[in-house]
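One-letter residues, chain by chain:
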Amino acid sequence: MSTVATTAEQITPHEEVGVETHGQMWPVTGQIAISLFALGLGGFIGLFQAIERVNITLPPFGPFENYYQGLTFHGVLLAFVFTFGFANAFVSWTTIRGFDRPLYSTMLAQGAFWVLLTGTILGAIIMTMNEATVLFTFYAPMQAHSVFYLAAALLVVSTWLVLANIVLTYRAWRKENPTAAIPLMGFTSLTTYIMWGLASLGVAILVVGILLPWSLGLWEHTDPQLGRTLFWLSGHAIVYFWLLPVYISWYMFIPKQVGGRLYSDGLTRFAFILFLLFSIPTGLHHQYTDPGIHEGMKGFHLLLTFVIFYPSLITAFSIMAALEHGGRKAGGRGLFGWIMALPWNNPAVVAQLLAMLVFTLGGVTGLVNASMSVNLVVHNTAFIPGHFHLTVGTAVALSVLGICYWFVPYLTQRPLFATKLALWQAWLWAIGVLIFSRGQMSGGLDAQPRRTMLGEASYSLPGWEVANWLTAIGGIVMTVSGLLFFVVMIGTLLNKRAETAEEKAALQPLMPAPPIHDHRKSWKIFDRIGLWTLIAIILILIAYIPVFLLYLPAEFTSPGVRVW
Amino acid sequence: MSKTTVGALLLVFLAVLAIGYAGTIPLGDSSPREVSDDNGVAMTGDPVELGESIYSQQCTGCHTIDGSDGVGPTLAGLFGSEVTMEDGETLIADGDYLVLAITDPRETTREGYPDVMPAFDNLSEDEIAGLVAFIESLE
Amino acid sequence: MKIDRYEKIFMLLGVGILAMGLIAIAISVLHYGLHVPSPDGRIAPGDVRATSPWDEPGVYETGDGEYEVIMLAETWRFVPDEVRVPAGSEVTFRMTSPDVVHGVLIEKTAVNVMIIPGQIATVTHTFDEPGEHLFVCHEYCGTGHHLMSGRVVVE
Numbered sequence: 003m004s005t006v007a008t009t010a011e012q013i014t015p016h017e018e019v020g021v022e023t024h025g026q027m028w029p030v031t032g033q034i035a036i037s038l039f040a041l042g043l044g045g046f047i048g049l050f051q052a053i054e055r056v057n058i059t060l061p062p063f064g065p066f067e068n069y070y071q072g073l074t075f076h077g078v079l080l081a082f083v084f085t086f087g088f089a090n091a092f093v094s095w096t097t098i099r100g101f102d103r104p105l106y107s108t109m110l111a112q113g114a115f116w117v118l119l120t121g122t123i124l125g126a127i128i129m130t131m132n133e134a135t136v137l138f139t140f141y142a143p144m145q146a147h148s149v150f151y152l153a154a155a156l157l158v159v160s161t162w163l164v165l166a167n168i169v170l171t172y173r174a175w176r177k178e179n180p181t182a183a184i185p186l187m188g189f190t191s192l193t194t195y196i197m198w199g200l201a202s203l204g205v206a207i208l209v210v211g212i213l214l215p216w217s218l219g220l221w222e223h224t225d226p227q228l229g230r231t232l233f234w235l236s237g238h239a240i241v242y243f244w245l246l247p248v249y250i251s252w253y254m255f256i257p258k259q260v261g262g263r264l265y266s267d268g269l270t271r272f273a274f275i276l277f278l279l280f281s282i283p284t285g286l287h288h289q290y291t292d293p294g295i296h297e298g299m300k301g302f303h304l305l306l307t308f309v310i311f312y313p314s315l316i317t318a319f320s321i322m323a324a325l326e327h328g329g330r331k332a333g334g335r336g337l338f339g340w341i342m343a344l345p346w347n348n349p350a351v352v353a354q355l356l357a358m359l360v361f362t363l364g365g366v367t368g369l370v371n372a373s374m375s376v377n378l379v380v381h382n383t384a385f386i387p388g389h390f391h392l393t394v395g396t397a398v399a400l401s402v403l404g405i406c407y408w409f410v411p412y413l414t415q416r417p418l419f420a421t422k423l424a425l426w427q428a429w430l431w432a433i434g435v436l437i438f439s440r441g442q443m444s445g446g447l448d449a450q451p452r453r454t455m456l457g458e459a460s461y462s463l464p465g466w467e468v469a470n471w472l473t474a475i476g477g478i479v480m481t482v483s484g485l486l487f488f489v490v491m492i493g494t495l496l497n498k499r500a501e502t503a504e505e506k507a508a509l510q511p512l513m514p515a516p517p518i519h520d521h522r523k524s525w526k527i528f529d530r531i532g533l534w535t536l537i538a539i540i541l542i543l544i545a546y547i548p549v550f551l552l553y554l555p556a557e558f559t560s561p562g563v564r565v566w
Numbered sequence: 832m833s834k835t836t837v838g839a840l841l842l843v844f845l846a847v848l849a850i851g852y853a854g855t856i857p858l859g860d861s862s863p864r865e866v867s868d869d870n871g872v873a874m875t876g877d878p879v880e881l882g883e884s885i886y887s888q889q890c891t892g893c894h895t896i897d898g899s900d901g902v903g904p905t906l907a908g909l910f911g912s913e914v915t916m917e918d919g920e921t922l923i924a925d926g927d928y929l930v931l932a933i934t935d936p937r938e939t940t941r942e943g944y945p946d947v948m949p950a951f952d953n954l955s956e957d958e959i960a961g962l963v964a965f966i967e968s969l970e
Numbered sequence: 370m371k372i373d374r375y376e377k378i379f380m381l382l383g384v385g386i387l388a389m390g391l392i393a394i395a396i397s398v399l400h401y402g403l404h405v406p407s408p409d410g411r412i413a414p415g416d417v418r419a420t421s422p423w424d425e426p427g428v429y430e431t432g433d434g435e436y437e438v439i440m441l442a443e444t445w446r447f448v449p450d451e452v453r454v455p456a457g458s459e460v461t462f463r464m465t466s467p468d469v470v471h472g473v474l475i476e477k478t479a480v481n482v483m484i485i486p487g488q489i490a491t492v493t494h495t496f497d498e499p500g501e502h503l504f505v506c507h508e509y510c511g512t513g514h515h516l517m518s519g520r521v522v523v524e
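Respectively, the protein sequence lines represent chains A, B and C. Count along the first sequence from 1, add 2, and you get the number used in our numbering. Count along the second sequence from 1, add 831, and you get the number used in our numbering. Count along the third sequence from 1, add 369, and you get the number used in our numbering.
So here's chain A without its partners, still in its complex pose (with noise of 0.2 angstroms):
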C-alpha cells in the first residue's frame, strides 16, 4: 500500500476556493431544484402510466388529455431534465472540489443554470399544451411544435456551457501545475463531459440542423432512417451521461461514507478512458431490426457494445472492494460479515447501495438487448422499459436521491430532516422497481409492447394480466417512495440553518479518501486526454462512416404528420 499527500481529504471551506464570492454555488443548487422538481412532476405522472395497465384511469392521465401526452411529459422530464440537471450540477461541483479551484467562467456557470431552466419551461409548456405529444424519442416524421426542437436544442446546449467551463477549468489548472498527474475527481468530471460533448453531436445535429428548420416549415420532407440513427448515435451514449455522474459518486464518496477507499486509481482512470472511447460508437444495437441498416454494420457495433459493458464489470469490482474494505474496517468478519457492518442506517448510502444491487439485474438484462439475435425478442417490447427502469430508473435515479440526502443539506446547510423516513424511501424504491420491472419485462417476453396504452388495447394475451397487475403494484410502491423523498426534501428546506461551528462541521461536503493502490506514476498516459479524446473520435468515424457511406445519399421524402 502506498500512502498519498492527504491534501485532498481536506477540506477548503469555500470561501477560500473563492465559489461563493464568484457566484457559482447558486447556479448548482438551482440545477439540482430544476433537476429535482423535473424528477418530482415526470416521476408522478409515471403512476398514472403504471396503473392504466388495470385499466385505472384516473381524471385523464393527471392534467392531461391523453396517455401519450402524458408519456411523452414523462419521458422528456426525467430522461432529460432530471439528468442533465443533476449531471450539470453535480459534476460542476466535484470539478470545483477536484481541482480545488473556481470555475473558469462564472458567466457560463450562470449562463448554463437560464438555458436548462429556459429549455425546461419551454418544452413543459408545449407538451402541456399537447402540441409535442411524440414521446422523447420524437421520431420523423411525427411532427412537433418548432417549440418543443427549440426547447430540446436549449437542454442540450446548457451541457456543452458546462463542457466548456470544466475544459476551460482544466486547462487553467494544468497551466499551474504543468507535471501533476491529475486529480482523480476531476479527471472523472473531465472525462465525463467530454464523452457527452462527442455523443450530443448527432442528436444536435438532427434538432437544430433538420428538424427544427422542418417543424419551422423551411422544409417539408425529412429521412426517418437518417433521423433515427442521428437519434441513436447520440442515444446510446446519453445511458453513460445519465450514469457516469454516479459512478463519479460511487468512486468518490461511497468508499468515504462507508469508511473505506477507493481500491484502485489507475483502474478507476482506465473505466473512464473506456466510457470516453467506446460509449459513443455503439449506437446502432438500439437500432437492430431498422430495416435501412446492414447487418455488418449492426454486427460491428454489437462487438463494440460488448467492450463498452467491460468498465462496468471493473466498476463492479472496483466498488465492491471498497465497499468490503470499509466493512471490514468496521468489525465485519467472514465471507459476508462486513456487509451488514456496513452504514445501513445512513439513507445516502443505503440508497446507493440498493441502486448498485438493482444494477447488477440492469446490466444483465442490458446485455440482452445487446445481444443481436436475442434482441429480435425483446425488442421495442415491454421488456425494454422494464431494463431502463433497473438502470436509469434506479440504478441511476436512486443513486441521485441517495446523494441528495448528503449534497442538499450541505448546499443548504440545513440538516436532513427524518433520516429514516430516507431510509424507507430507499428500501420502497429498490423492493418496488423490482416488482414493477418483473411485470414488464415478463410482458415484453410474452410480446408485449412497450410504450401503448394497453389498458384501452384491441388485443391482448393471457399472459399480460398478472404482468400488469405486478407493474402497476410496483409503479404505486416506487410513487409512495418518491412521494417520502420529497417529504424528507421539503423538511430538510424547512429545518433551521445551521450555525454553531458545531453544526456547520456536520454538513461539511465529503471528500474522496485517496485510493489503496495508487500507481498514478506507472499510469501516467491515461492522463493524455487530448489524445484520449482523438481516439474517440477516430473510432465513432470508424463506426459511423461506413454506416452513412452505405446510406446515403438521404432521401427527404416523407412530410411531417401530426397524428395525436
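Honestly, the hints are just simulated from the structure, not real lab data. Heads up, some of the hints might be wrong.
[Said to hold, decoys possible] Non-contacting residues of chain C with respect to chain B, defined by C-beta distances greater than 10 angstroms in every case (computed):
(1) Ala395
(2) Tyr401
(3) Gly457
(4) Leu516
[To be verified] In silico lysine-lysine, DSS-like type, Cα no more than 30 angstroms apart, as pairs:
(5) B:Lys834 x A:Lys331
(6) A:Lys526 x A:Lys422
(7) A:Lys506 x A:Lys177
(8) A:Lys506 x A:Lys422
(9) A:Lys331 x C:Lys477
(10) A:Lys498 x A:Lys422
(11) A:Lys258 x C:Lys377
(12) A:Lys331 x A:Lys506
(13) A:Lys177 x A:Lys526
(14) A:Lys422 x B:Lys834
(15) C:Lys377 x A:Lys526
(16) B:Lys834 x A:Lys526
It should be emphasised that the depicted structure is a prediction, and the values quoted were computed from it without experimental measurement. C-beta atoms are modelled at their ideal positions from N, C-alpha and C, and glycine is treated no differently.
With chain A fixed as given, assemble chains B and C onto it according to the hints.
Just chains B and C, lined up with the frame of chain A:
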C-alpha cells in the same frame, strides 16, 4: 433502523429477486392458442348501444362526444351538420357520408384535420349502422 | 505498469464472460441463421399507395409452400390484418409505411422489424405448427397506436 429491520428488508429484497427473477420469466402459456378478435364488443339488440360500445373501444383516441376537438373532429352535433372537406367543398354529414367516413376515411378528410384515419372496413354492416345510429343520437 | 493481482484476475474473468457471450451470438447468427433485417430498397412514402406491389396489399402464394405477404403499416392498422397460411409455409413479409414510423412483432417468432417510411422492410419466417400468432404495432404511431394489430393464422 435496527440491524434486525435491515436484515429483514434485505431478505424481502432478495426474496422478490429470487421469486421474481429466478423462475421462468414468461407468465403466459407458450402453446399455440386462439387469439380473441371480437375486441370484447358485446352484441346487443340496440344499434345505439352497439355503436356506443364500438365507439368506446376504437374511436375515443381521436373523437370526443363532448364537443371538444381531438385528433379528429368531435362527434357531438355532427349528424346533419354542414362540414367542409380538405378541398373546400361543403356537404351535409348524413348517414351515407358517415358510412363512407368510417369505411374510406382518406376520401372524406375534413379541412383542418390530418389525413390519418384508418379505414374501419373490417366492421360488419350492423356495426357500422350501430355507429351511425350512435352518432345520430348525440346532440 | 503495475496491476494488482485481484484486479488482473477480475479483468481476465470479465473478458472471458463477454467473449463467451459474443461467441454464442455468432453461433446463433452464422449457424442457426437468426439474422436481423438488412436493406431491401427504398420507396417514397407518398408513392406507396400507387406503387406495385403495395397498391394491392395481400397474401400471395409464390411457390410450393412459399408465400409473400405485401403489407402496409399505416395509422392505425395493418393491411392485411389477417394472414392465413398452411402449416409449414415459408412466409416472406414485405412491408412499408406511407405515414409515420411503425414496427411489427409477431409473437412466438423471431419476426421483429421496424417499418420506417421510405424503407422497405423484409423478413422471412417459417410457420411450422398450426395455431394463431398475434402481431402488434410496437412503435408509438399516434393516438390510435394501441388499436393497431393483426394475426397470423397457421392452418
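**Request:** Decide, holds or violated, for the assertion that all CB atoms of chain B are farther than 10 angstroms from the CB of Gly457 (chain C).
**Result:** Consistent with the label, Gly457 (chain C) stays out of reach of chain B, its closest Cβ about 14 angstroms off (over 10 angstroms).
**Asked** Given the proposed pairing of Lys331 (chain A) with Lys477 (chain C), does the C-alpha separation stay at or below 30 angstroms?
**Response** 52 angstroms, violated
**Asked** Is it true that the CA of Lys177 (chain A) sits at most 30 angstroms from the CA of Lys526 (chain A)?
**Response** 17 angstroms, holds
**Message:** Need the status of pair Lys506 (chain A), Lys422 (chain A): alpha-carbon distance at most 30 angstroms?
**Reply:** 22 angstroms, holds
**Request:** For the pair we were handed, Lys834 (chain B) and Lys526 (chain A), check the Cα-Cα distance against 30 angstroms.
**Result:** 44 angstroms, violated
**Message:** Can you confirm whether the C-alpha distance between Lys526 (chain A) and Lys422 (chain A) stays at or below 30 angstroms?
**Reply:** Distance of about 45 angstroms is beyond 30 angstroms: violated.
**Prompt:** Is the Cβ of Ala395 (chain C) farther than 10 angstroms from every Cβ of chain B?
**Reply:** 25 angstroms, holds
**Prompt:** Can we trust that Leu516 (chain C) is non-interface, i.e. its beta-carbon lies farther than 10 angstroms from all of chain B?
**Reply:** Violated, since 6 angstroms does not exceed 10 angstroms.
**Item:** Claimed clearance of chain B by Tyr401 (chain C), with the beta carbon kept past 10 angstroms
**Value:** 19 angstroms, holds
**Item:** Pairwise hint evaluation, Lys177 (chain A) against Lys506 (chain A), where the allowed Cα distance is 30 angstroms at most
**Value:** 34 angstroms, violated
**Agreement of Lys834 (chain B) and Lys331 (chain A) with the hint, judged by alpha carbon distance not exceeding 30 angstroms** = 18 angstroms, holds
**Asked** CA of Lys498 (chain A) to CA of Lys422 (chain A), is that 30 angstroms or under?
**Response** 19 angstroms, holds
Checked against the numbered hints above, the structure violates hints 4, 6, 7, 9, 16; every other hint is satisfied.
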